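*Asks:* Spelled out from the first residue to the last, the chains are:
There are 2 protein chains.
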Amino acid sequence: MNKMILLLGASLLSPAIFAADWQALPSEAPAPSNNPTSAAKVELGKMLFMDPRFSSTGTVACNSCHNVMEGGDDDRQFSMGIHGKTGGRNAPTVWNSAFASTQFWDGRAASLEEQAKGPVTNPVEMGMPNLEEAFARVKAIPGYADAFRKAYGSNDAMTIENAAKAVAAFERTLITPNSPYDQFVKGNKKALNKAQQRGMKKFAELGCTACHSGAAFNGPTMPEGQGFFAKFPTFSGSEYDTRYELLKDNGRYEVSKNDTDKNMWRVPTLRNISLTAPYFHNGAVKTLSEAVRVMARTQLNKELSDKDTADVVAFLDSLTGEFPAIAMPRLPGKAGETTVN
Amino acid sequence: MNKMILLLGASLLSPAIFAADWQALPSEAPAPSNNPTSAAKVELGKMLFMDPRFSSTGTVACNSCHNVMEGGDDDRQFSMGIHGKTGGRNAPTVWNSAFASTQFWDGRAASLEEQAKGPVTNPVEMGMPNLEEAFARVKAIPGYADAFRKAYGSNDAMTIENAAKAVAAFERTLITPNSPYDQFVKGNKKALNKAQQRGMKKFAELGCTACHSGAAFNGPTMPEGQGFFAKFPTFSGSEYDTRYELLKDNGRYEVSKNDTDKNMWRVPTLRNISLTAPYFHNGAVKTLSEAVRVMARTQLNKELSDKDTADVVAFLDSLTGEFPAIAMPRLPGKAGETTVN
Numbered sequence: 001m002n003k004m005i006l007l008l009g010a011s012l013l014s015p016a017i018f019a020a021d022w023q024a025l026p027s028e029a030p031a032p033s034n035n036p037t038s039a040a041k042v043e044l045g046k047m048l049f050m051d052p053r054f055s056s057t058g059t060v061a062c063n064s065c066h067n068v069m070e071g072g073d074d075d076r077q078f079s080m081g082i083h084g085k086t087g088g089r090n091a092p093t094v095w096n097s098a099f100a101s102t103q104f105w106d107g108r109a110a111s112l113e114e115q116a117k118g119p120v121t122n123p124v125e126m127g128m129p130n131l132e133e134a135f136a137r138v139k140a141i142p143g144y145a146d147a148f149r150k151a152y153g154s155n156d157a158m159t160i161e162n163a164a165k166a167v168a169a170f171e172r173t174l175i176t177p178n179s180p181y182d183q184f185v186k187g188n189k190k191a192l193n194k195a196q197q198r199g200m201k202k203f204a205e206l207g208c209t210a211c212h213s214g215a216a217f218n219g220p221t222m223p224e225g226q227g228f229f230a231k232f233p234t235f236s237g238s239e240y241d242t243r244y245e246l247l248k249d250n251g252r253y254e255v256s257k258n259d260t261d262k263n264m265w266r267v268p269t270l271r272n273i274s275l276t277a278p279y280f281h282n283g284a285v286k287t288l289s290e291a292v293r294v295m296a297r298t299q300l301n302k303e304l305s306d307k308d309t310a311d312v313v314a315f316l317d318s319l320t321g322e323f324p325a326i327a328m329p330r331l332p333g334k335a336g337e338t339t340v341n
Numbered sequence: 001m002n003k004m005i006l007l008l009g010a011s012l013l014s015p016a017i018f019a020a021d022w023q024a025l026p027s028e029a030p031a032p033s034n035n036p037t038s039a040a041k042v043e044l045g046k047m048l049f050m051d052p053r054f055s056s057t058g059t060v061a062c063n064s065c066h067n068v069m070e071g072g073d074d075d076r077q078f079s080m081g082i083h084g085k086t087g088g089r090n091a092p093t094v095w096n097s098a099f100a101s102t103q104f105w106d107g108r109a110a111s112l113e114e115q116a117k118g119p120v121t122n123p124v125e126m127g128m129p130n131l132e133e134a135f136a137r138v139k140a141i142p143g144y145a146d147a148f149r150k151a152y153g154s155n156d157a158m159t160i161e162n163a164a165k166a167v168a169a170f171e172r173t174l175i176t177p178n179s180p181y182d183q184f185v186k187g188n189k190k191a192l193n194k195a196q197q198r199g200m201k202k203f204a205e206l207g208c209t210a211c212h213s214g215a216a217f218n219g220p221t222m223p224e225g226q227g228f229f230a231k232f233p234t235f236s237g238s239e240y241d242t243r244y245e246l247l248k249d250n251g252r253y254e255v256s257k258n259d260t261d262k263n264m265w266r267v268p269t270l271r272n273i274s275l276t277a278p279y280f281h282n283g284a285v286k287t288l289s290e291a292v293r294v295m296a297r298t299q300l301n302k303e304l305s306d307k308d309t310a311d312v313v314a315f316l317d318s319l320t321g322e323f324p325a326i327a328m329p330r331l332p333g334k335a336g337e338t339t340v341n
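Top line first, the protein sequences correspond to chains A and B.
Residue 1 is where the first sequence starts when you use the working numbering, and the numbers rise one by one after that.
Residue 1 is where the second sequence starts when you use the working numbering, and the numbers rise one by one after that.
Just so you know, not all the hints are guaranteed correct.
[To be verified] Simulated crosslink set (DSS-like; lysine-lysine; CA at most 25 Å straight-line):
no.: 1; chain 1: B; residue 1: K307; chain 2: A; residue 2: K334
no.: 2; chain 1: B; residue 1: K139; chain 2: A; residue 2: K286
no.: 3; chain 1: B; residue 1: K286; chain 2: B; residue 2: K307
no.: 4; chain 1: A; residue 1: K334; chain 2: B; residue 2: K194
no.: 5; chain 1: B; residue 1: K231; chain 2: A; residue 2: K190
no.: 6; chain 1: B; residue 1: K307; chain 2: A; residue 2: K286
no.: 7; chain 1: A; residue 1: K262; chain 2: A; residue 2: K248
no.: 8; chain 1: B; residue 1: K139; chain 2: A; residue 2: K334
no.: 9; chain 1: B; residue 1: K307; chain 2: B; residue 2: K201
no.: 10; chain 1: B; residue 1: K190; chain 2: A; residue 2: K194
no.: 11; chain 1: B; residue 1: K286; chain 2: B; residue 2: K257
no.: 12; chain 1: B; residue 1: K334; chain 2: A; residue 2: K307
no.: 13; chain 1: B; residue 1: K201; chain 2: B; residue 2: K186
no.: 14; chain 1: A; residue 1: K85; chain 2: B; residue 2: K85
no.: 15; chain 1: A; residue 1: K139; chain 2: B; residue 2: K334
no.: 16; chain 1: A; residue 1: K334; chain 2: B; residue 2: K286
Since the hints were derived computationally from the structure, they do not count as laboratory data.
Fair warning: this is a prediction, and the values are worked out from it, not measured in the lab.
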């Protein structure tokens with residue numbers, strides 16, 4: 001299902017192609033035919049996304065690690081789940097995740113719907129023994145029964161699948177259009193300053209666009225479930241391999257056990273990248289400028305000057321979009337009773 | 001400063017006084033003269049309140065334990081701070097905390113401003129070594145500098161005191177007026193059903209109002225900094241003392257070391273009490289009906305019938321008010337850098 005596409009640097013692509021390929025971010029994300037978006041479904045999904053009571057301790061919500069008030073992540077190298085436990089990968093941003101054709105760093109979930117169920121039972125994340133037990137808490141709250149009824153128009157709608165669909169529907173609203181870059185691409189030539197324009201040109205000339213193409217800068221548009229992966233490091237042997245332990249985690253190989261998947265990673269979006277430090281699958285690089293240097297060296301076999309690095313960083317900074325206003329949901333409870341215990 | 005008032009049951013008060021004493025919740029809370037509320041200050045305070053990055057791990061915000069999307073608390077017996085650590089007291093609701101004349105269960109903070117600084121350096125809560133280090137993170141974020149400037153009209157406004165003032169200003173907006181009870185008191189006699197009206201009468205007759213009086217049901221209006229405390233259990237010796245370990249925590253004595261403060265506690269608000277299980281300073285009681293039975297026995301030396309208990313619970317349920325809409329703040333960051341590390 002997850003067809004792998006391997007791109008090795010920019011050698012096949014000409015600057016002319018780069019120049020033609022700049023795309024603005026759509027203001028809406030497509031929804032799958034079996035999960036059409038509705039306001040009531042989005043509201044339910046937002047409630048579930050923000051609610052920590054479906055973790056074993058009652059302290060970890062989706063939003064704990066994918067904080068929509070920040071960059072859609074958590075400012076940490078590795079997220080902290082229940083009882084202060086940590087995993088081994090950096091939390092990807094939830095913003096614009098609707099434009100990714102697979103989910104998780106290794107692309108192991110084919111859809112947002114599938115992804116939504118993963119962290120609930122991950123022992124270092126929300127730590128529930130199984131989805132049924134988590135969902136039993138949802139079912140015990142009368143206000144959630146109402147919200148499911150509104151979202152799905154049925155009294156029998158309280159299912160784990162429908163919960164996951166609602167979370168996915170909410171996530172499809174998490175889109176940040178109209179960044180300075182988008183304004184520039186749409187014709188406002190003053191939207192980017194000189195450094196940002198130089199950085200944009202450099203970004204294409206260097207070959208970053210070989211992988212980071214498309215409206216979300218995460219590769220070509222793929223059918224849902226088909227991932228776009230790249231080997232990182234493509235050019236191994238640099239000082240960065242050891243300094244940032246780039247070869248420690250086998251990436252997609254851990255899921256597929258195919259040798260060709262060793263150190264293969266889903267190409268992440270660069271949208272709002274200024275807001276999502278630290279960087280890479282292992283969160284080992286703390287600054288965006290260092291991340292740019294590492295990428296140039298390990299993916300394109302190039303050493304960047306300080307000026308070029310600064311220009312590319314300035315360009316990347318222009319990918320920070322406009323965040324839609326989000327009203328806090330009211331999280332319903334059981335009158336006079338706890339939900340977690 | 002914290003003058004102590006001791007009330008032992010209802011013996012001094014007549015039913016007529018109870019009947020006259022029903023008060024609706026004001027829709028605004030008074031602000032101290034040295035911290036007038038403004039929209040910009042509230043917005044800054046909301047940002048700080050919601051931002052987990054000022055805890056040592058970057059995972060615990062004020063809102064983690066005082067979740068404004070829930071009952072202003074966290075559905076847990078003891079809140080969970082950094083690294084899964086827990087303390088020994090139940091998180092009081094932040095909703096309507098503006099109507100409390102002292103803060104914390106033991107009243108050790110004289111104001112919301114003073115309270116706001118406590119959890120930041122508590123080793124089992126936000127766990128920062130000192131306020132200065134926490135505030136250094138705030139200061140390093142350009143977006144916060146803007147927010148302080150807007151709130152205080154000065155470039156020199158980035159101080160710990162002003163941060164605490166902003167948080168307090170936000171908390172003063174967390175008021176839930178117009179509950180069924182409030183509507184009833186204002187003249188809508190249909191706002192409470194028969195069970196709730198019976199419960200209201202019983203609540204007064206039993207003597208609950210001896211302590212739980214006033215608009216917030218947390219005692220008479222006191223000057224800021226002067227607490228209204230009660231001994232719990234007042235009538236010790238019941239089975240509840242051991243079952244719920246009621247004598248284990250010395251309460252206000254732990255702060256004052258005055259023998260007369262042993263097992264003295266701030267009288268908590270009953271507003272939205274249906275939403276804030278589990279109950280009491282140690283969160284040992286999981287249901288509101290059991291909390292009502294325990295209170296009747298330990299504070300009033302009375303055994304309640306199941307019907308009276310249900311009626312009082314129905315009345316308490318009518319104290320759930322209307323929660324104002326809150327827009328999620330955008331939490332600014334350092335471009336291309338981490339805040340937490």
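*Asks:* Tell me, in ascending order, the numbers of any earlier hints that this structure violates.
*Replies:* 5, 6, 8, 10, 11, 15
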